[in-house]
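Asker: What follows is the residue order along each chain.
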Amino acid sequence: MSGVVAAGAHQTGESVIFWVLAVASVAAALGMILVRKVVYSALLLAVVMLSLAVFYAVNEAPFLAFVQVIVYTGAVLMLFLFVVMVVGVSSTESMVETIRGQRVAAAVAGIAFVALLILGFGHATLPATTGLKDANAAGGNVLGLARLIFTKYVFAFEVTSALLITAALGAMVLAHRERITPKPTQRQLSEARIRSDRVSPLPPPGTYARHNAVDMPALLPDGTVSELSVSPVIARRRGGTHEDLHGELPEVAAKHEATTLRAVVERQVEVDSKVEEKEK
Amino acid sequence: MTGHYLVLSAILFTIGGVGVLIRRNAIVIFMCVELMLNATNLAFVSFSRMHGTLDGQIIAFFVMVVAAAEVVVGLAIIMAIFRSRKSSSVDDANLLKY
Amino acid sequence: MTTLLADPQLHAQAAQGVQSAAWLLIAFPLAGAAILLLGGRRTDKWGHLLGVAMSLASFVVGVAVFVSMLGQPGTGRSRVVHLYQWVSVGSFKADMNLLIDPLSISFVLLITGVGSLIHIYSIGYMSHDPDRRRFFAYLNLFVAAMLLLVLADNYLSLYVGWEGVGLASYLLIGFWQHKPSAAAAAKKAFIVNRVGDFGLSVAIMLMFATFGSVSFQDVFGHASQASHGTITAIGLLLLLGACGKSAQLPLQSWLLDAMEGPTPVSALIHAATMVTAGVYLVVRSHAIFELSPEARLLVMIVGAATLIAGAIIGCAKDDIKKALAGSTMSQIGYMMLAAGIGKAGYVFAIAHLIAHGFFKAGLFLGAGSIMHGMNDDVDMRKFGGLRKVMPITFATFGLGYLAIIGFPGLSGWWTKDGIIDAAFEKGGTSGQILGWTALIGAGITAYYMSRVMFMTFFGERRWDEDVHPHESPQVMTIPLILLALGSIAAGAFLIAGDRFANFLAPVIGAPQVAHKLITPYTGVVFVLMVAGVAIAYVQYLRRPVPRTAPAGSFPVVAARKDLYGDALNESLLMRPGQWLTRLTVYFDSRTVDGLVNGVAAFVGGTSGRVRRLQTGYVRSYALSMFFGAALIVGALLLVRL
Amino acid sequence: MSATHVLANGLLAASHTDTCAGKPYGLGAFGCDPWWLVIGKALVIFVFLLLTVLMAVWAERRIIARMQLRPGPNRAGPFGLLQSLFDGMKGALKEDVVPRGVDKIVFFLAPVLAAAPALVSFSIIPFGGIVSIGGHKTPLQLTDLPVAVLLVLAMSSMGVYGFVLAGWSSMSPYSLLGGMRSSAQVISYEIAMGLSFVAVFLFAGSLSTSEIVNAQAHGSAFHFLGMTLHTPSWYVVLLLPSFVIYVFTMMGESGRIPFDLPEGEGELVAGYHTEYSSLKFLMFYLAEYINMATLSALCTTLFLGGYRAPWPITGVWSGANSGWWPVLWFLIKMWMFIFFFVWVRASLPRVRYDQLMKLGWKVLIPASLGWILFVSTVRALRNEKHDMRPVMLVVAALIVILLLVSVIWERVSGKAEAPDGTPEPEPDPMAGGFPVPPLDAPHYHGAGTARANNSAEATRA
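Protein chains in written order, with numbering that gives the first Met the number 0: chain Y, 0 to 279; chain D, 0 to 97; chain C, 0 to 640; chain V, 0 to 460.
Just so you know, the hints here were simulated from the structure itself, not pulled from any lab data.
No more than 27 Å apart at the CA atoms, straight line, and that leaves these computed lysine-lysine pairs for DSSO-like:
no.: 1; chain 1: D; residue 1: Lys85; chain 2: D; residue 2: Lys96
no.: 2; chain 1: V; residue 1: Lys136; chain 2: V; residue 2: Lys40
no.: 3; chain 1: V; residue 1: Lys357; chain 2: Y; residue 2: Lys182
no.: 4; chain 1: V; residue 1: Lys103; chain 2: V; residue 2: Lys93
no.: 5; chain 1: C; residue 1: Lys342; chain 2: C; residue 2: Lys425
no.: 6; chain 1: D; residue 1: Lys85; chain 2: Y; residue 2: Lys36
no.: 7; chain 1: Y; residue 1: Lys36; chain 2: V; residue 2: Lys103
no.: 8; chain 1: Y; residue 1: Lys182; chain 2: V; residue 2: Lys361
no.: 9; chain 1: C; residue 1: Lys44; chain 2: C; residue 2: Lys178
no.: 10; chain 1: C; residue 1: Lys560; chain 2: C; residue 2: Lys186
no.: 11; chain 1: C; residue 1: Lys381; chain 2: C; residue 2: Lys560
no.: 12; chain 1: Y; residue 1: Lys182; chain 2: D; residue 2: Lys85
no.: 13; chain 1: Y; residue 1: Lys132; chain 2: Y; residue 2: Lys151
no.: 14; chain 1: V; residue 1: Lys103; chain 2: V; residue 2: Lys89
no.: 15; chain 1: C; residue 1: Lys178; chain 2: C; residue 2: Lys560
no.: 16; chain 1: C; residue 1: Lys178; chain 2: C; residue 2: Lys381
no.: 17; chain 1: Y; residue 1: Lys151; chain 2: V; residue 2: Lys384
Chain C stretches covered by chain Y per the calculated footprint, using a threshold of three residues with CB under 8 Å from any CB of chain Y:
no.: 18; stretch: 610-623
no.: 19; stretch: 626-638
No residue lacks a Cβ here, since even glycine has one placed at the ideal position from N, Cα and C.
Whenever a hint applies, use it, and build me the whole structure from the sequences.
Answerer: Shown next as structure tokens:
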């Protein structure tokens, strides 16, 4: 493999990469717009983006390939995931279309658009691929890019930096919540706690119960349930606290109860028989 | 070979566009927009290689920067809308109509 | 033609010496008004003194200018004081110039002199009014505006003064604006004046259109070149303006209501300013009227009709001020008549105006003095026998009375007889009619003035229990005395020996014949005057005057109602105007609005259907964008392939 | 095989394939190995990483135990060396619990996503210089790229997916919170980390790890008191601020104490891997320790001269940097860092989340930016052949003055801002609320009614 690589082999290798990843990325893209779960969409988009990163690498753009991974897959898409989780973890979308004719029209427009584009590419006389050997020769790809950015495109570069700053500030302003009360200090919190009805910490979940899952309420000494032991967030998510205080499935609990009952009855019978024996 | 990339880019772009049209979740729509941007980036990189200059890569680089800025602001807007309307569906934000 | 070319009005030289300071004439009262109005309440304490001082200062300047003018030859007495170029639009230029000539200086002296006396009198008359300072501000403004009116050397500046007079009269008549009647009277005066102002403004526009200038010099200089119709139109429009300001028929109705203002205001309006403006305008524009006999004839008719109407109204009024107001109408009618006669009448018009200024001011201020003593009562039927308690007022009022009825030797006799004489001298049937009208008017004047005199000062006391008449303070009586002196001497001073005629000659041309002291009509006038007094004596001195007015016959009722002037206005102008308005509104709402609304409804209906495209769904918009993108790609391919 | 070659060709942007033999150093040395050598290197790295993890776990337990005055694991094998091996085997053999309600696909995918990128990162770490293996002269490094350091960043940002998705797919609040914390933390610290690299790139003139190591070989010579001395060649000295920032971000990226917020057991049970057990859990464990090793190795490479022997040794032994010896230096340096990780864990408490974010965004990033500005200015001036000493002096004086002024200002203004003791008025939630009330209005938190009742009672009383 060392030494000269034949142009034909090069072509074949690229074809293999292309066909595998092209199919994968189109499938992922289609999946992205068709699956219901937003997180799946994001993951499928990540697949597309990583495929594109590979394409960039093949197309002699190593810097862009890694920037694609870091910026798009790493930062942008992660931001998407973050927001998905903020605005609704299990956000699955109803796929029923509400606007009449939207889907059909979208399909028609999409097909027409892509058909026209491909038609255009098919008829266009594309020049023979030059390759970036010469462009990357002097110091490599990174240096070449840097040279262009800081000479020919320096104004655009500065403008984008201003844009980034503006965007960051804008996002901060948009996502900002104005504090309308001063933040309580630890001293204030402790004072409030001492003045409240309960000085001690809340009971942890699962105390005296069969198991200590966070949604399993603690049992008080008299056997009743302590509502305070389960975080209201969890209680709301689960639609109330555990209905079965022993932490078992209903049928298992019934079986368990039956066994216990049988054991008690048997023991009673045994005791009775012993007493009878003694009396005899 | 470069023509293949262009066709792939067109297909991905169209898929993104159709996704914008048929999905209601603002976040997914945003993802579709990102897909479209990515598709154009692919075309730029391919052209860059085709013509033997790095300008296409530079443009792709700028597209990424602008996309990052756009995502930051867009997601902040989605958050703000979600905070006040408890919904991230773009069809719910249809006050600006006849 | 020759007279016109010789008219020194057209060849005024630049002013020198004290005359170049003539702008102070206007500046003093204007500054007074500005200080008093802008200074507000902090000038309350000394505001009236400042007002008087400003008026007096203006008078002093006027006298100085007059004296300096006397030192110059007759043809050199017209001077122009150039202040600044006011309007410069294209070829149209209007300067803010002051024209100082015998005519304007006569008015200046009258206005500032009598005006100052009224100012002084007002100190006493208004001493109890909390807004005295404001009153003096308005008085100053009035004087300033009137001075601008008479000193202007072009119609545009004159118009400014004209409007300023209207504004000041509005403010002063409505001075007691808390009284609805006063407010209404002020509005009436303003609106009726608007009609006249409209005439004047159209006349000015016509002048500009015809001559390309509005300065006296250009207009009079080229008047003979304009068509007869244009000149007649200008003359008639000027007459309309004069009628408005001078309360001539048919625009007389505001004058009687204007009595709602404080009495010094009435004195100022009736004696020195405002109503004299119309006479001034006609005399000043004599070059135009002389070219249009038709316009002049109408001036005479208006004057004669007003003369009689005013006199008749004056006969029936029990309100002392209104009776005097009627007499003003009548006297101004004399002046207009004289001004309409032409060269022979100008001198008498102006002379009568000045004499009238003295005695009418005296009469009004006297009436004010009486009201001052009678708790502001104006009903003569509640007066009577005041000659004992108010001797000075009685004496001065009496001298004014004698002057106005034309008692031989007093001012009125000299000037009024001149007018009557001039009317007869005019010749022809119209001359006879006008002359006899003036004669009868003189008789009626004697009657109603005697009526006022007898009802007020003679007979038994008819005033109310709680009224304690008393003589007015010196600050009021001294102006009265001074005015009375003027009433006695002004006529003789002006007319005897054609002194005034010669003085005015540079402006209005020399009289063709010397004034005859005794004319064929002097006797007739005297007989009629005596008859009038006698009838009044029989009616109001021999018989007791009832405290409430008797029902009276039709003419009496008509006269009391100002000869149905208001009713006439209402039925002739107001009602048709209302109908016209309604018609216009109907037309507007049905035709114009209908058209507009139809277009709007069409557009609205169309957009109402189109707006359904605006669904509010972002995705719909995105779809259209996507289709658009596809279309563009398709179009590009079509072009390129 | 040709496909990988194409990829490598593209990534390396290697324009001439025939340079392999010609250049002993630099990027030209890569991409020429025979296939068995590549596979062999990869295998060695994999085994090395697994061993490192086992050793690191054992070492950590022993070191912490020693610091806490207890013996630690000492039963399994000599010094308990086999303890972590046994623990791993036991863990792998335990029952794999998949809770009800999880998103099964992602739940399975997440550990893989966490572990795989961690393994990849090590491929660009240079262990040593050129050695001869089986007759082939090859560098002790799987591969190198012109953008090699970016690969590490890319992989670390990919690794976060594992944590986030694990948190999400578990469908448990604690896991979700852990995942979200992880994503926010890693993204935040990655920025500062990337910025801390920039100065290194500026000085080395490359993003390739082997070239960075080579750039740290020799300092620039200068004359002092008649002697020819060399400036320190390691970037830890030259670029000390970058190094300090990197160490901070390294701790943040690794998600270990004091920055182990994603799995803070006191608050989130075990964070994103609360619901994981058995082999899946081990994958996270593996990922964490491999990350630690990767970060240490990267730090060694970027700041501590990589595999090169430290100065005193090179002074007395000229052959220290040749042959297989560099591996030793490299391991020593890397383990120093691993020890440092453990040491910090034993010494410091966990920070609060807002403190973490404040440190990342308000201290590390601005400091990095300022430092980069300074470094690039110096670099540019030096490239233009300016005399640096007066400039440095002026800048240093300026900084000192600035600091003094800020200290004095703080004193003065601090006194002026002394609280006057008057309680702040109760803010009106609806103030300025047009057209919508502020987003933080009490009724959003269900507190509005209670508060309203209280105030109503208070007014009645």
